[in-house]
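Peer 1: Chains as they are written, first to last, in this note's numbering: chain A, 1 to 282; chain B, 1001 to 1333; chain C, 2001 to 2439.
Take the hints with a grain of salt, since some may be wrong.
[Stated by the list, open to error] Straight line, CA to CA, 27 Å or less: simulated DSS-like cross-link-like pairs of lysine-lysine: (1) B:Lys-1156 / C:Lys-2099; (2) C:Lys-2054 / B:Lys-1156; (3) C:Lys-2072 / B:Lys-1156; (4) C:Lys-2054 / C:Lys-2336; (5) C:Lys-2302 / C:Lys-2054; (6) B:Lys-1156 / C:Lys-2336; (7) C:Lys-2072 / C:Lys-2099; (8) C:Lys-2099 / C:Lys-2054; (9) C:Lys-2336 / C:Lys-2170.
No lab work stands behind these hints: they were computed from the structure.
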Amino acid sequence: MIIMLNGLTQGALFFILGSGLTLAFGVMRIVNMSHGAFYLLGGYLGFSVLQHTGSWTLAVLAGGGFVALLGLLLERGLLERIQAGGDLSQTLLTIAFSMIIADLCLATWGGHPLSIRAPAALSSPVRLFGFLYPGFRFVLMLTAVVIAFGLWFLLFRTRLGMAVRASVDDRETVSALGIRIDTIYSLMFMLSAFLGGVAGVLGGSYLQLSPGEDITILTYSLVVVIVGGLGSLLGTLISALVLGQILSFSLAFVPEMSMFLVFAPMALMLAIRPQGLFGRRF
Amino acid sequence: MIQSTRSAWRPERAEHRFGWSLGALVFILMVTLPWYADAYTITTYTRSIYFGFLALSVALLLGQGGMISLTQTIFFGMTGYVIGLLGAERGIAFPWPELAGLLLVVVVAFLFALVLMRTYGLVFLMLSLALGQIGWSFARQNTSLLHGWAGMRGIKPPELFGLDLSVSSHFYWLSLAVFCGALWVLWRIVESRFGLVIRGIRENPRRMSALGYHVFWQRVAIFVVAALFAAVGGILAAWSSGIVTPSTLHLNRMIWVLLVVILGGARYFWGPVLGTVIAVWLDVVISQLTPRYNTVIGIIFVLVILMAPNGLLGLWDSLQARRRRNRPPGSAL
Amino acid sequence: MKYQKVGAALASFALAGLLSAPGLALAADDGDTVTIGLLSAFTGPFASFGQLQKEGAVLALEEYGNQVAGKKIEVIYADDQLDNELAVAKAKQLVEQDKVDIITGLVSGDEGLSVGDYMKGKNIPIVPMYAASEDMTMREGDPYIIRPTWTGAQPMDVFGYWLAQDKGYKKIYMIGEDYSYPYNQAGGFKRGFLRGGGEEVTTVWHPVPTSDYSSLIASIPLDQGYDAVLYNGAGSDAVAFVKQFVEFGMQDQIPLLGQSNTFEKPDLDSMPAEIVGSYSAHLTTDDLDTPNWNTFHDAFEKRWGHGPTAASEFAYGSMKMILRAIEALDGDVSDKAALAKAMLAVDLSDEPRGPVSLDDHNAAVQNVYIREVAQNDQGELYNKGLFTAKGVSQFGPYDPALYMSQPADSRSEPAGKRADMPAAMLTVEQDYELVPFGQ
């Protein structure tokens, strides 16, 4: 039972991570390999904000917010420049950003793993079915649900969302209709980065932040998004839940194979059905 | 920019002799290195050589085949692990562990390729990332056989041709010799019809298929060949460090190699070698000034992608082309 | 394309590299300087240990004013990120480029073994400050490896013995980091515990690093008669495990024990107060009160603003030994064999943590302290000494030849059950005599 709850917790984090990545891809066809670095940076910034202000909520918002701004800068400044070079060039560029961001994080916050103290109110153990379970993990799950709902609402119930979905299908027509495509792209990338940063603060609160975490997180995010289907929110949700359970159960019973069991579905999916469960052919 | 399907080089007649003599000079400098350079320089050049193999492996797939593969470090480390398992731990003598390593690489590369070669471009990249990560996580988490995070130690180079390879200059010469051999093999591949076919597939797989080539199997073949390049480099690396750890296979290393190849110029024969030498020396120089090696490399990467996507050699070439355009036709070089 | 142009590019780079190479070699073996290479982990899951080592070493150096017998002492700090391959590469750099006279530092057991492998035959003394892989001074010993610090099994043998004899524990559930140093700690623990009357030690291993212990904690069996859970890990893993252990409310269900490093400061400061009363064993404890320790402690706190821990004391003691040896040779370190001998001859009986002497295998014989986690008036956690075992050797109470004839500690060796332990390892002529702490 606990193992299943652990799986849900993992799944929640995976979803928040994956939603950011899939958003960036779905709209802009960018596989943002800096997503892991965004996670790490957001988490570290949140840590520092918490240290200085003592407010965890502020830490979450600041972590996400600063990273969103960074995302905007990167997108405007550099990614747009090489749109002509194609997807691969943009992907390589995001890899380079990732290296720089990760190294600067190491320089600023040091090599020792850090943990963010979640507020006591949220962390007390909850008694459930006769055993104790850390309260914060429920907070994480709740946050994921809120984000899922929020994203769904944004994409499917607002005019902005409609424009976003339309521009995925047909960029030219949308911009011909007078809608500022570039603004939409930037906004979506910012949102994607924001989600990454927030995931960092949340992850840092129940686990730890350390150098090298960015690569691990990136690979997990990629797995979630590829299995679910790049560009599909529903796909991300489902694959996040499934992969969270896989990770949790394998850590409990076959810890030596836990990472393998998480990566294998990704390889399988790419080989058999590259668009993932719910993605479109690209 | 559509490159011609000719190989990257075809030296003009007039330049032939000059090119050869310069090449010979470099060769002599390299061979005589142990006599005028200090111990650390020799070690660094040896490192450049075995990483050079890895770079050649990546460049073969990228430059000739147009495929960005993130699995090459797996093959680089695999031979090291096999040598550790059979040689260091079970005491089986050269050349059996090394050959076993190469054989394993061929098998695994073949299996990987079966899955990989039905995809192209971005999907190919991500799938190779997944496969690479599977390999890494296996090395990282398997403790019963591979000792997980600690890796394998105690790997010793054998005595070859009567030379004691634990002497660094001897090892350097061996590495140099093997590397020259590899370059020759690479040259033959690039110039051969196989090379032509691969470049054709890079440009337009559909047309090649229509022309009657088995695109899938050609790509599988080049992948296995590239894996072997990495594997040989891995043998030298294992002998040199005496130790293999999961970090040998890590994504960080893979990205570094990718950068190195792009820096030098993926489509040029000498691009990866140039890139490797520069990057390894940069490591030495930068680490004396600042620990922020990764940041510097990352910035260089960004600059290269933005301004010189064909690498340093590509930059050189476009400068030459511009100079040529500005010169009136018919003048001597 | 252009053969010559490319050739020219290649040649110029090669030349540039060659020309800059000699210039890059730092001050070569300068007659006026003794160079010491300190190779450690300054980043990664055990990063705190690297920093602590530096602090201890610097304190010792400053006591000597950074010079001995007129020779300047230069220390080069190299970060190997706790990666064994990088450790070897950095060792090469220190030996070949920086031409160090001594190598020290080293945090993890595997790091020590890997560097030891490379250094064989280089004839440069190695003084591991924290790396506790016992084989460096046992089965893979070398006249140039001198270790005035510890091995993994040393304190744990005493710990296991005490738990079985004095506390009457019979079954222990151990969760450990999956690499060589915890194997060594587990090995020593099993030997002491089973010899002292215990019945069984069950071991579960997890990869390094692990951040999520929820599944492991969930699978701790609470109804199979285990007397305690022993967490066999350190650094960020330990912090994460202990936090999550408490988050799941386990400390009310089963006692928690630690390996030597689990409750070390500064990691202890990140742990919840609910673990007060947890036992561990080490070669130091936070409330030592001898004149030697107090002098050291006060000087350390004045210099760095916080108290010393085992890692910093070890670094301090090791560096002092090195400096005293150099002093004994009047600053002439050109004969490395003489340098090694001089180190062995240094008198270490005034070590802050207690008297230390070196045995025939170049390893330390010293006091082991059993301690528990306590809380002081300011609410800070610290390790409070309970018992002392004096003159403990790296072989424990065993005969060295018998000890080394056993297979090396690994995931599955030694056996976890009393019945599977060889009889020769279950009885000794003279076992530990534990005295109350402070005597």
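Peer 1: Broken hints, numbered, in rising order?
Peer 2: 2, 3 and 9
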